[in-house]
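The listed protein sequences derive, respectively, from chains A and B. Heads up, the first sequence is in the working numbering, so the first residue is 1 and it goes up one at a time. Heads up, the second sequence is in the working numbering, so the first residue is 1 and it goes up one at a time.
To be clear, the hints were calculated from the coordinates, so they are not data collected in a lab. Given the structure is predicted, the values throughout are model-derived calculations rather than measurements. All residues carry an ideal CB built from backbone N, CA and C; glycine is no exception. It is possible that some hints are incorrect.
[Stated by the list, open to error] Cβ-Cβ distance ranges computed for the label pairs, FRET-style: (1) Ala69(A) x Leu309(B): 31 to 37 Å; (2) Ala315(A) x Pro85(B): 55 to 61 Å; (3) Val354(B) x Phe8(A): 48 to 54 Å; (4) Thr232(B) x Ala315(A): 21 to 27 Å; (5) Ala315(A) x Pro276(B): 56 to 62 Å; (6) Val152(A) x Trp81(B): 39 to 45 Å; (7) Trp27(B) x Leu244(A): 36 to 42 Å; (8) Gly176(A) x Arg455(B): 38 to 44 Å; (9) Gly217(A) x Glu129(B): 47 to 53 Å; (10) Leu484(B) x Gly217(A): 57 to 63 Å; (11) Leu128(B) x Ala96(A): 52 to 58 Å; (12) Val354(B) x Val210(A): 30 to 36 Å.
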Amino acid sequence: MNTTIMLFLVQDGITNGAIYALLGLALVLVFAVTRVILIPQGEFVTYGALTYATLSAGQVPGSARLAVAMGVVAFGLDMFAGRRSLHLRLVGRALAVDIILPSIIFALTLWLAGRQTPIAINIALSLLIVAAIGLFLYRIAFQPIAHTSVLVLLIASVGCHLALQGFGLVFFGAEGQRGPPLSDAAFTVGALRFSGQSIAVYAITAAFIVGLWLFFGFTLYGKALRATAVNRLGARLVGIRTTLSGQIAFLLASVIGAISGILIVPITTLYYDTGFLIGLKGFVAAIIGGLVSYPLTAVAALVVGIVEAFSSFYASNFKEVIVFFLILPVLVLRSLAAPAVEEEKD
Amino acid sequence: MMKRLPIIVFACVMAAIPFIPGMPPFWIVLLDNIGLSALVAMGLVLLTGVGGLTSFGQAAFCGFGAYTTAVLATAYGVSPWLTLPLSLLVSGIAAVVLGLVTVRLSGHYLPLGTIAWGIGLFYLFSKLEFLGRNDGISGIPPLSIGSLRMLDPGTIYFAIWIAVLISALLTVNLLDSRTGRAIRALRRGHIAAEAFGVQTPRAKLLVFIYAAVLAGLSGWFYAHFERAVNPTPFGAQAGIEYLFIAVVGGAGYVWGGVLGAAIVVVLKEVLQSYLPYLFHGEGQLETIVFGILLVVLLQLAPTGVWPWLMTRLPFRPGRKRPDTSLVLPARARAAAAPSVLLEIDNARKQFGGVIAVNDVSFDVQAREIVALIGPNGAGKSTTFNLITGVLASSGGTISVLGRNIDRAPPQEVAKLGIARTFQHVKLVPDMTVLENVAIGAHLRGQAGALSSMFRLDRADEAKLLAEAARQIERVGLADQIDALAGSLSLGQQRIVEIARALCVDPILLLLDEPAAGLRHLEKQQLATLLRQLRDGGMSVLLVEHDMGFVMDLADRIVVLDFGTKIAEGTPQAIKTNPEVIKAYLGAVA
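If we strip away everything but chain B, and leave its shape as in the complex, we get:
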């Protein structure tokens, strides 16, 4: 349990702090506030730093949590412990409603949307009669266990920090799992993740709800800690501050959220108490310093303090090698496979006036390597995107094992056993090779978010990692298994993509320029591997520009030019086909 040791030490230190003799009570209040902010920041880490969804509206979710318990405890006399699940539920439901609208937005619309509804909700809190309008609600009962009433900051301290620790552990567990890998892949765009069966809208909604529930928990604590709520701490300013906390700490790191909360809360306190002495001015001098610090920080250390701190540690956290003796059951497949795997009949794709794929027909048989070649812009990658469901075709039919997949989304195509690589490598650079490859096995695991958080997914997870490790070994990258994908050469990254595709346990492998960036020897190894795969019963459809490689490897070649199929045949026939020579070398003058 070496991995847990720092956390246990941290927990012991936090537990001991209130018992230090002469500890000023004011410091305990600060620590309480740090814990409250850390809860929200942790959610933001998952949402923004890991999932890539920036939200300025988290403070509003704190508001949902705080007001729920405030109303129930004051107007209806419900026990605070009973309002806890309700507070979390209300925050979660609010997140579902807002999330369904928000998470599908791309890029900058998302943060802007969150600003808008964040402010809208703030005004809603401050105008609703039953929430006490601008004055809010006071006289909220404290938390109590038996006769212990958590009235002073020193007792609620334990409740808050236990919640912080548990939340941090659950979040770390979640990230280190099948669902976690799907979440971590979100930031790099949805196409790669969807090609391996990840339901990206669902994954985004999941992190959105998760972050909102953590914010709701913080709000619930806040209400019973301050014993009064008003709209101010749930406004736009607070939402901005939470994001600031996450960015300062290191938006991609769970513990960065805690560290960021500590830095910001302490800094704010220091600024508020000392700045007026320095400048003897009225006004919010601390906001000025805050704003300037934020800009300076982004220019100097955009990744935050936590990763900066971690690289300065004298020791490295070790990684456990997956136990490759575990076997992941093969994907369920049709009992009697017909000989034609993939059939493309008059497929067509038009972008406005451009016909990228013009009524192309060809098929891929079982145990066959088919190469799709043609000059740049011939429509090869577009054909791949049509097959894998990334693009919807404008006409014609594409079927796999006799089943029409014209309207199937990428996840469904992946379920049929079609795996692909990308012309422009789509790996998650800050995940290890093992984790990247394990995304390929996404559909072969079952563990969901909840079981991952409580570590009930370990058996499932070990099998997935074992399969990933086996495929990495198969493609010859066993030495790089723990390296970050972004640190590999481009050629190696392409091979990692192949290993990831193999994790699907595919019947058909679509490779988009797999040999680009490889050295001669590596190309030979790749060709050997692809032949082995074919002989093992897999089919391969590849796009490639290296003619030596293609002619040597392919059983059959399909040639496209300007979106139209101009030839099909064995490598020998294609080499001498006058149409092909014309397309590649130009017409003889």
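For reference, chain A alone in the conformation it holds in the complex:
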């Protein structure tokens, strides 16, 4: 192989790896705060991408309706949970967040559909829609069982993945879609051509990594979110609102997922079920990062991306096999370094 091909592969790997890094970060974030292993992360990617593509095509994406419907369910749950102490502020807050917010988003979507809207508006709207879905997903599926074991949360997470993927097929159809690129600018360095799109991928990923690392490492609120993950009861005793922490984590994760989707949909065709696989590769990175470390996850994601690029060149048939088995040696290392004293279970 010559250097050019190798450079191409590395470039391709880094672009993909950056996306995996974003997803891996979101997974680490959600796990660290809520202990939920977020399998539906991939659905946030497809929802973001396909909502953006649908909006760009001048149509109303079904995901906007889903946000409204989930808001209604969340409102019902909020009312049920607070039925013993219903006062005006609580009802008002629930009404604003669960009903009015998604309704406004939906109304905006309807109003803008069919008009020549600039890309920035479409992106903002897609992010809003997916963010609302992420928020309500936590409220509906995870908040009522937030105290249970990681395993129960994981199975619930799988259930959410199934449901959201099924909805994805209903909303976006079985055909793949592509969206318009963020920028058509491009420049070349030697043999390599850098598109504006890939530069955006690198920049946004780097910004998120640094941002999250700073947020969790150095701000009081970030530390409060981490405290929630370690000990919910303890966190509540020192005045941290654990449900709010969970909602924020899901909000961030859904936004990150949607951004990843919007970043890649101009580069590759996305189908309603593509997100699952992309999300899982983010997982491979997150697991290598031990579900705790942001910088390690980012590095691991780049490795996953590069391994994928090289294996698709050398053994394209076994690309996925290689990527998913990449996890095994890591698991071996982790199991060798297993802690001697167990945590109290259940």
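Take the given structure of chain A and dock chain B to it, following the hints.
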């Protein structure tokens, strides 16, 4: 044989179903599918519900079973009955390879690992040339006995359900045995089980292989039932569905797996045939309903349908009392026991910068009760963990009967006759007191998994249970013998732990705060029991905060403070020792 009656009735009903006149053949197909799923779910029950190891990858093991027979039967013309053992073997070997990597993972790494290799294997199946890539392999011969070719769903039905029944019986037998108790203890963490000699990695690998072999069996049937295989039914989606089945039925119950398979397969069929009429939409509406149902189910009934059903039964399954006249032979011990049982010489344990145990030395003689006291955080429990091999010491030596045990794992320490209780009670709450206590006798039984499955372990098992029942009586909990351990008060649970430790037939008993949570009278009974044990030749090392209890009982007291031994002597000497008073009450201003 009252216990077997429901199973016999069930078997008769299942055998009669195909002969019901006017039975739609479609229903038989459904029942076949239920049986196939039930086999996999049963393995998952053992693996996930009982053993606590969540796997999303079981479908891949079905794939190993199905592809093995598909390749051998089509390309090499091997008879399906000959491929059966090979299919099971291939699934088992795959499980050994993946299991060695996977089962040692803790917590959430395990399910994530299974998702990863589950998907990896799916792609492997769909890319390998000799497995037919995405198209798979077709033209697989049907099962046949003599001239009877099991071509239609009605004949293979019997083969499938006989396999389901036999597997269920074997699994139930396995769970109700020495090995089964070890497996059931896994879910609550490995420390307690290992303290009684259970090789937890081996037990985990065992259930992993068992579940994989059952999945392989299902895959073998599937290949000869559909007479074609392709990668789709062995992918991640299917793996998730099997776990769903186990959770719906009741992940901790073997028959829950069968019930779950019935519910899910029927539900899926109903959803697939009626949902399109209701919503006239295209797409996988059933996955949406499935996903939502899964989330709702976890919120409303996280333990599944089977236990919910069982609590509504009008009758309770009776329990057989163990025959306490059977005698379990004593543990083999060294012929001439030296007078010093346990010798701790400059033991040290450092956690980073914290020195939890700082060069502590003391010994325990034969027929002696030694108390280890000290304020909270003095390093008492850490010392226990060093002795029992839970923690590796950072320095110094610990020896039992003159044998160095610095690097010995907990199982080896247990073999030397050192038994312990825990500061935070480590019982399996959903097992009875008898079963919990019988774990203590683990090392004194020999029966393995295979002999348990085929009920060849009954003589061994009866002796173990008899010993457990005797120890329960000895500590005064005979009335609670069949109660679930989790239903007892904390004080009683501590006593159950003592009975479990006594089942080891120990020379040295390590008790970590045995009197905490006991009432005055119960404390007196405990003290009497411990004195009896000492007079019978056992030594006791106990950590305790109740000074009245300790001063009254101990022959000798060792006092720790901030990891360092500050005093040692008779209760009288310790009571007046100025260092001890300072440690407990603070310096006089």
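Determine whether the Cβ-Cβ distance between Trp27(B) and Leu244(A) falls within the hinted range of 36 to 42 Å. 51 Å, violated
Is it true that the C-beta distance of Val354(B) to Phe8(A) lies inside 48 to 54 Å, as the hint says? Cβ of Val354(B) to Cβ of Phe8(A): about 52 Å, so the range 48 to 54 Å holds.
Does 31 to 37 Å hold as the CB distance between Ala69(A) and Leu309(B), or does it fail? For Leu309(B) against Ala69(A), whose Cβ atoms are near 33 Å apart, the range 31 to 37 Å holds.
Return holds or violated for the Cβ distance of Val152(A) and Trp81(B) against the range 39 to 45 Å. 42 Å, holds
Supplied distance hint 30 to 36 Å, evaluated on CB atoms of Val354(B) and Val210(A): 34 Å, holds
Honestly, do Ala315(A) and Pro276(B) meet the 56 to 62 Å range at C-beta? For Pro276(B) against Ala315(A), whose Cβ atoms are near 41 Å apart, the range 56 to 62 Å is violated.
Are Leu128(B) and Ala96(A) spaced within 52 to 58 Å by their CB atoms? 56 Å, holds
Per the hint of 55 to 61 Å, is the separation of the Cβ atoms of Ala315(A) and Pro85(B) within bounds? Given about 33 Å between the Cβ atoms, the range is violated.
Mind checking the hinted window 38 to 44 Å against the Cβ distance between Gly176(A) and Arg455(B)? Violated - the Cβ-Cβ distance for Gly176(A) and Arg455(B), about 57 Å, lies outside 38 to 44 Å.
Given the range 57 to 63 Å, decide if the beta-carbon distance of Leu484(B) to Gly217(A) lies inside it. Cβ of Leu484(B) to Cβ of Gly217(A): about 45 Å, so the range 57 to 63 Å is violated.
Does 21 to 27 Å hold as the CB distance between Thr232(B) and Ala315(A), or does it fail? 23 Å, holds
Range hint 47 to 53 Å (beta carbons of Gly217(A) and Glu129(B)) holds or violated: 50 Å, holds
The structure shown violates the earlier hints numbered 2, 5, 7, 8 and 10.
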